[in-house]
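Residue numbers (our numbering), protein chains in the order written: chain H, 1 to 222; chain F, 1001 to 1647.
One or more of the hints may lead you astray.
[Said to hold, decoys possible] Only part of the chain F face toward chain H is listed, based on derived beta-carbon distances under 8 Å:
1. V1003
2. L1028
3. R1031
4. Q1032
5. V1204
[Said to hold, decoys possible] List of simulated lysine-lysine pairs, DSS-like, C-alpha gap at most 27 Å:
6. H:K136 with H:K14
7. F:K1612 with F:K1434
8. F:K1623 with F:K1612
9. F:K1616 with F:K1526
10. H:K68 with F:K1497
11. H:K213 with F:K1042
12. H:K213 with F:K1602
13. F:K1359 with H:K65
Derived from the structure by calculation, the hints contain no laboratory data.
Each residue gets a CB set at the ideal place from its N, CA and C atoms; glycine is no exception.
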Amino acid sequence: MSTWKFWKKSPKPKDFVAEFLEKNSEKIPAIRTLDQLEFVVLDTETTGFDVEKDHVLSFGALKIKNRKIRVSESLELYPFSDRSVSSTVAIHGILEKENRVTLEDFSEKLLEFIGNGILVGHHVGYDLEMLLRILKPFGLNRFPNPVLDTMTFAMRLDHGPFADLSQIQKESYSLDSVCERFGIEPDDRHTAGGDAFLTAQLLQKLLVLGEKKGIRTFKELI
Amino acid sequence: MNVIVNRVAEFLKHHPPFSFLEKEDLELVARQVEILYLEKGKILFHQGEPAQPHFFVLKDGSIQLVEKTPKGDEIREICEEGDVFGVLALLGKRPYLLTSEVLEDSLVYAIPVEIFEKILKENAQVALYFAAGFASGQVVIRQDLSQGQKARGLFKNLKGDHSLMIFSDQSEVKVSENVLTCPLSTPVQQAAQLMAQEEVSSIVMVDAQGFPKGILTDKDLRVRVLAKGLDLKTSVQDVMTTPVITRKKSDGFSNLYLTMIRHRLHHLILTEDGTDESPVIGLISDHDIFLSMGNSPAVLIHGLMNTLDLGEMRKIRDRAEQMLLYYLDNEVSMDFVSSVMTEINDVIIQQAIRISRKKLQEQYSEMDKIKFCFLSLGSEGREEQLLRTDLDNAILYEDVEEPFKEKAQEYFLQLGTAITEILLACGFDPCPGKIMASNPEWVQPLSQWKSYFSEWILHPTQEALLKVSIFFDYRSIGPHSSLAEELTEHIYQEIRKKKVFLNFLAQNALSNPTPLGFFKGIVVEKSGEHKDQFDLKARAMMPLTDLARLLVLSHEVVGINNTFRRFEYLGTLEPNYSELFTQAGKAYEILMRMRASEGLRKGNSGRYLNPKSLGKLQRQLLKNTFSPITELQEIVQVRFQLDYFSK
């Protein structure tokens, strides 16, 4: 992250950001059981893997409440961008979508959707960084929500809570490999919505597995 | 449509009833889906629980529907991918009749009833699809493209929607226009008398203007009046069902029928304008609907009972085959299917007996009093004859004293020949081995039958054992079944005297050709007419029938002839093997289904099938049916000490 941005005075948060922060001011009680938690499983497709240079092409998310994936509460957004998309089109197969939204619309819809849910994704830190790039101009510098990375969650479940994650082969925990191991069919890969859907199914299975290992509450999960 | 909704829709659209939906409706449904992940051992809903606001489609995994009975759990259905279940919530709004247990980690799509109710109202095809499922007593709604169904409903032609087939002509539903009515103050006894007079099963209570206020049915009389011991002078308005649900006649068949299904009505009142504030003009009962389904078992049997015309009988038997096809396509339980087909075959035989006796009555008037019973042997004896494959039958008559002996022999041979001819005319194939009631060898008095069986049991030669496999599965079609019971008693006495007979039988049961080769490939015929085809009968079904027969005989079980019911029963006798027996029974049902489907498709006995024409999954399913065979054979090997037994 370059320093000038870091020191740049944050703009006054937009109303929808303020509202979002307000929603998140109330913390989730540590003893809340898994069934009662609301997860927002998300994924982004980007032009590349450089948080500085690349940007979000599409965003997909859906909610899990009471352990159920709610298809009705799913969201897919294609934000506008001023950059060329040619470099990643070949990989991700994303073509210019007709109905792209402005970055402000995108941010407002995004924050309204995620609310105070637990943010879940595979290697989700990257997705959140990318999203913050869009959100910063509207006054959001970091997500106040609890975050759960299905990649590290899967590692934890395999290797125990105190495993040195840096010693673990990352390749065998890619979304593809983990899904394969859990018998989740990976179609529609490389669309944000498709990957979010896969990740949600993965989370359902991980939660069951976790519960068997004693993870029953919010505190034990996060 | 976003990717996620699209993905859900993609799955649903391959599975009826969703396949009948227009794109917009499909999206509407897909958008409302909730996805549940259930681990093995979880329960999705319990029997008796109020219906959830969802019904379910199994996306992945395996879930069984179990009925909890005082005698223990009874598995009613095992759901596979694409199966729709928990649908009572949608149609009946009643508590669940079954408990759903997760057998393997499963992904389940929950579909809100609310959204579907609207579709049911607007889409007649979907409505009828559900209605058809319910009419045939299904607890699971299956279809053709799901993996499981593809495997089980082998060889199915995808030629459109069979579910509508049972409604042969919807416009022909008879509506009773003379509805029996009575005033609200009528005493129940008088109402019952009116019903008895008119020979109807319901009576409608009307007010002074003729508007329907309530209805009383046979069942209400039983449950609300007699069982409660109410005074016969009780006024009908105290026991009637009220308010009544009414429709108008012009609503159309599917709507009327669906109304009845939704509200669990046996009788639906039709009024002039469709409300209960208008005069009664008609009544439709589920019996009327039943009769309008040309291919329903009740109608076919009714038809058979009322004709002595061979052409007509043949036609009805042909129609039964259509019904069979419908059942097979719709995964109706094999237990039900074989019971229905057996009932139809039995009625045909009984009619044939009646016709033949009548024909011979004049010539042999004194013979008509001799007791006899007609025995069905082989697959018909086991209540497993779905297609009109070979006839195996015989006649058993009571012993007659000397002066009449010869005459009786002559009479029964003529009778047997006449019956056989009628059955052939109805489309059954003759037995190549001439084991038929037209063969003098198999038309015999009880004493002779006893000595036949004694001989086979005492001297179990290769030939005798072959006979055993056909004759031991006899079943009396009447009229004097007590003779057959006497024979059975005799057989068990003989076996008790010569236990070693069972060892021979066991050895024979193990001598069937194996279904799998050394490299676990399905063994096909090496040469001849059926080169490269798999002999379903000899390699898969016979081993199971032989094993079931052997074990049932060793337990001295009487009266259970059907192979899968034999296994079921053996499971109760030997609880430690109950799972294996259950599997064996299920395997046999699958094989019967495969054979009947193949036979109907090819217009033959369905005995041979080409493994190459099977998909990978179907092949696997077929192979799976072999595993209980091997396990059972091992048990028999040990139990009957065949290793020490002279070969």
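Here's how the hints hold up against the structure:
Here the hint on F:V1003 is kept, as its CB sits about 3 Å from the closest CB of chain H, short of 8 Å. At about 10 Å, the closest approach between the beta carbon of F:L1028 and any beta carbon in chain H exceeds 8 Å, and the interface hint on this residue is violated. For F:R1031, the interface hint holds, since its Cβ comes within 8 Å of a Cβ in chain H; the closest pair sits about 6 Å apart. About 5 Å separates the beta-carbon of F:Q1032 from the nearest beta-carbon of chain H, less than 8 Å, and the hint is met.
Below 8 Å, beta-carbon pairs count as interface contacts, and F:V1204 has none with chain H, the closest being about 44 Å; its hint is therefore violated. Pair hint H:K136 plus H:K14 holds up; C-alpha atoms about 10 Å apart against a cutoff of 27 Å. The straight-line distance between the Cα atoms of F:K1612 and F:K1434 is roughly 34 Å, outside the 27 Å bound, and the hint therefore fails. For a cut-off of 27 Å, the pair hint linking F:K1623 to F:K1612 stands: about 13 Å separates their Cα positions.
The straight-line distance between the Cα atoms of F:K1616 and F:K1526 is roughly 22 Å, inside the 27 Å bound, and the hint therefore holds. Simply put, H:K68 and F:K1497 have alpha-carbon atoms about 65 Å apart, too far for the 27 Å limit, and the pair is violated. Distance check on the hinted pair: H:K213 and F:K1042 sit about 17 Å apart at the alpha-carbon level, within 27 Å; holds. This hinted pair does not check out: H:K213 and F:K1602 have alpha carbons roughly 55 Å apart, beyond 27 Å.
Only pairs whose Cα atoms come within 27 Å are accepted, and F:K1359 paired with H:K65 is rejected, the gap being roughly 75 Å.
Checked against the numbered hints above, the structure breaks hints 2, 5, 7, 10, 12 and 13 and satisfies the rest.
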